[in-house]
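Residue numbers (our numbering), protein chains in the order written: chain A, 373 to 490; chain B, 8 to 426.
What the hints contain is simulated information worked out from the structure, not anything from laboratory work.
Misleading hints may appear alongside valid ones.
[As the list claims (entries may be wrong)] Computed cross-link-like contacts, DSS-like style, restricted to lysine-lysine with a CA-CA straight-line distance of at most 30 Å: (1) B:K127 to B:K190; (2) B:K68 to B:K190; (3) B:K68 to B:K127; (4) A:K402 to A:K432; (5) B:K32 to B:K68; (6) B:K124 to B:K68; (7) B:K337 to B:K32; (8) A:K402 to B:K68; (9) B:K124 to A:K402; (10) B:K68 to A:K432; (11) B:K118 to A:K402; (12) B:K264 to A:K468; (13) A:K432 to B:K124; (14) B:K118 to B:K32; (15) B:K124 to B:K32; (16) B:K124 to B:K264; (17) B:K127 to B:K264; (18) A:K432 to A:K465; (19) B:K264 to A:K402; (20) B:K118 to B:K68; (21) B:K32 to A:K402; (22) A:K468 to A:K432; (23) B:K118 to B:K190.
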Amino acid sequence: MLTLAESENIVKDCVREATRFSGTIRSENKLYEIGVIDDDSLDAVNEEITTNPEKGVPNKHYEIDPAVLPTTTDKTVAEVRDIVQENAVELSKSTKAAFVRMQALVRAAERSSGGKRR
Amino acid sequence: MKVSALLGALLLLFLFSGRSVCADKVDAAITSVSMTERNGRMMIDLGLSTSIADDDTTALKRAQAALIRVFDVTTGMSLGDVRLESASGGTLSLTVPVLNEGDTISIVILKLTFDGKEAKNPLAITTTVPRTGQKTEETQSSSGLLSPGHWIGAKGKDDSNVYIATQINTAIDADPSYGIDAKLDVPFRRFMTGRRIQNTGLTFSTQISDAPEADPDSMEFGAYWRTFIWDCGSRCGTGVWFRRLQWRNTLQSESNKDFSNTNIIWPTALRLISKTWGSSSEFGIRPYIGNEFGFNLNSPVPELQNRLIDRPLIGLNALLLVPTDIGILKSLNWETLYEGRWPLRNELALQENGDGALKFMDFGTAPRDYVNSSLTAGFGTYFGLTFSYEYGQLPPSFKLVDNAFRVEITFKAKRTGGE
Chain A
373 MLTLAESENI VKDCVREATR FSGTIRSENK LYEIGVIDDD SLDAVNEEIT
423 TNPEKGVPNK HYEIDPAVLP TTTDKTVAEV RDIVQENAVE LSKSTKAAFV
473 RMQALVRAAE RSSGGKRR
Chain B
8 MKVSALLGAL LLLFLFSGRS VCADKVDAAI TSVSMTERNG RMMIDLGLST
58 SIADDDTTAL KRAQAALIRV FDVTTGMSLG DVRLESASGG TLSLTVPVLN
108 EGDTISIVIL KLTFDGKEAK NPLAITTTVP RTGQKTEETQ SSSGLLSPGH
158 WIGAKGKDDS NVYIATQINT AIDADPSYGI DAKLDVPFRR FMTGRRIQNT
208 GLTFSTQISD APEADPDSME FGAYWRTFIW DCGSRCGTGV WFRRLQWRNT
258 LQSESNKDFS NTNIIWPTAL RLISKTWGSS SEFGIRPYIG NEFGFNLNSP
308 VPELQNRLID RPLIGLNALL LVPTDIGILK SLNWETLYEG RWPLRNELAL
358 QENGDGALKF MDFGTAPRDY VNSSLTAGFG TYFGLTFSYE YGQLPPSFKL
408 VDNAFRVEIT FKAKRTGGE
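Bound conformation, chain B alone (with noise of 0.2 Å):
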């Protein structure tokens, strides 16, 4: 009887899996199971990597067009009493007589439409009853949920965990050269104080490159911790721009490339951030308010080594995120980043010879700016080709950026968080 209940379910599988194959066919699976007993009935509840309908009448109507077949592998048996419960999105839900712990079941769904289209492969899994107080573990199945703890692409700098771009420069008054940008991230487990999650990390980022007139010779290393501190909640209409504001901190060492001039910093600054505008394409902006304080570890001058830090700043970031499937070309991405700093107490700003020796450029309080625009294009799961353009002066020796534009080849990845 077990031999050919198994038989059946694979002779199902077989005859619509070898079906030929029509173009107009959606990616479909059962990603998850769980079998609950309710009212003298065992509810097993499926969910789908693909919604079935937008609505949840049009969604049952389709799940009561599919043919539903539950085999009991166990005892040998198919199950004739299967009811259809509920349908709604990528969820369906099911009712059968009660089985027997430890029982292996085969669950298979035939002719079901998502949005008109059928799957490309049949709907199926198995699994097991699970005893009373534990979880459904599912034995096998056409897809399952991503592993957890695995590296994955990125959307952009700031979402990545590791970030590296290669360049290659031109500017005012400069040869071509090459540079790079990196960034490392480790985030560490979250956790909750009060209602608020908290985000805490290590992160090491650069910005070098041998091009006098267009490398910003700033290095960052330190540990972060970000939470929100106020959100409007469900009193904020469609109409609000900012919803939350989140406040940044972070204790980090900025130097130069040669560490000659580092500075031991606390950046703070509250951001807020705004809807997600559009649908197709999405733009969003985080205006933010802060101040840098800290003191010199060393410095090419002598007189300004262990003086106190101090700069308020200002800064804006705008994203701009088209989502495609291009052949190759996955996504295209717009981000623009503008901070403007004015140190309260005296501060060098360096320019580098042809020979790459240190000369002074200033000395004083002058506000410093700093913008950087940049365009990516997502090509496959983690490279990119970046154009981008800079402008301007970054800690700690504020060397001048001349209107750098580069193209970078970059790759972007991130860890997913064992999930």
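Just chain A, with the same shape it has in the complex (with noise of 0.2 Å):
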């Protein structure tokens, strides 16, 4: 199970990756004061939190149903952190497998990329 401080960490960063939201992000904020002005940047939040492999769920190996997710930019951080906490699934362990090796061939790649444009 995924602890809060994990939870809230997740979301936080993936508000950040989806609006690149300057301020301070804080608990008690809800998601219109953070850059999530409308449906298109809470289904960009949605997707991160779903599928970002660097800094959504998973990251530490979980899955989680994104019919579960905020459907209104009304929701505080915390609100949305116990949803995740929540609703966050572990990975079986063959999934994590090819998890963790999709990851190492996606950061393989990004350093052979980099090094090419260096």
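The two chains are supplied separately, each in an independent frame; assemble them into the complex guided by the hints.
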């Protein structure tokens, strides 16, 4: 089970990743106060939480059903954190192994493309 | 013993809740709790509604200065060995000796400050130790999660599931008149395809008025689907404006208010989603390019019935949001929409006579522009007052809205998804 601290960091990181919000993000902030200004940016935050291999729940080897994530920007960070913590489910061993291999491949590809650019 | 533990918890609550209420206190509560056995101890993870501090070191110091008590209500014991393990943002972790499955415990936290301010009420929660493999269930808390699937206020028309605006219109060469701008959105359950979330649902919208010079005369009903098809991921720095590309599709009917001109249309558009600029005031833009393809079902001109329709379009949506909390004024939103359509096949542009009869104004492939700019002051949760300006032509009748200024009383609501 994800800890609440891990869940809160996931939510904050994913909001920053989706919106590039530059201010401080606190637990009591509603999503519309921290850059999630419409349904499009809310969709982006939800997708980051669900699929981002570095900042979302997959980074902790968990998965979450997107249907449980917020449908409104009136939710607070604390409420989204609790939703994530409550609903994130640990990946099975085989999925986890495949995910770790995929992460390694992505990092290797990024390293090689970075090297070529340099 | 059990009774004495409960009485102890109640006494602590009574003593601290009876203190005079200082104006400089914050609303804070324990919103969630989870328990897991770790290294021979029971770890209790607490989620708070408010951040203790912005950085982890200060949060931990504040948590260490707080008075934390855990009562095992089932055995009637006050647990002496309570260790604070960590605190960050709005979370706090404790460990206590291993508890029996099914035991009820009560956690009380006193003197915990949030950015130097005390909580209005003592933080307390009562919960049951879960059986192995089960999730912790809170039985009583000073606050809790929002109940699933209920109505709340929305930010604007685009963000609402239900939106109703009644208008008083004034336009050049026209008497004041009344109109309605309404929208109903019924989203379906979201699902994943690959690594993309798919959003689908039904939508209905109408913009009609009894003012001949200020009546878009447009009603749309259909099913929509939207998803992201590209994102720049972590490769993009903060300087990159556009971070995602969204693909929107709708299959809808568009008609005028008496259904004398009806089209079946497939609007499709690629929208760029910008980052959000600003922190106290937030600004974002959504430029898009697309096409509307379909056919006419019935038309006031028999020669145009059943003809194909094809209109490339470009658009821009800009949104400025200023969250405020001045009395009942909760927000200020400025939203502007521009759409330009270039019909590839001949289409009508109609105009209403003073007696309500339609007459031709134009016939052909001339570009049709539409602009709508609005400033909304949000009062309370659901209601707002909107001042808007509108110019241009909307399908299917492309009646010219001639510089209409509107004052609208709006009702905006959104249904939470049962999370």
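> Which numbered hints turn out to be false for this structure?
Replying inline: 1, 2, 12, 13, 16, 17, 19, 23
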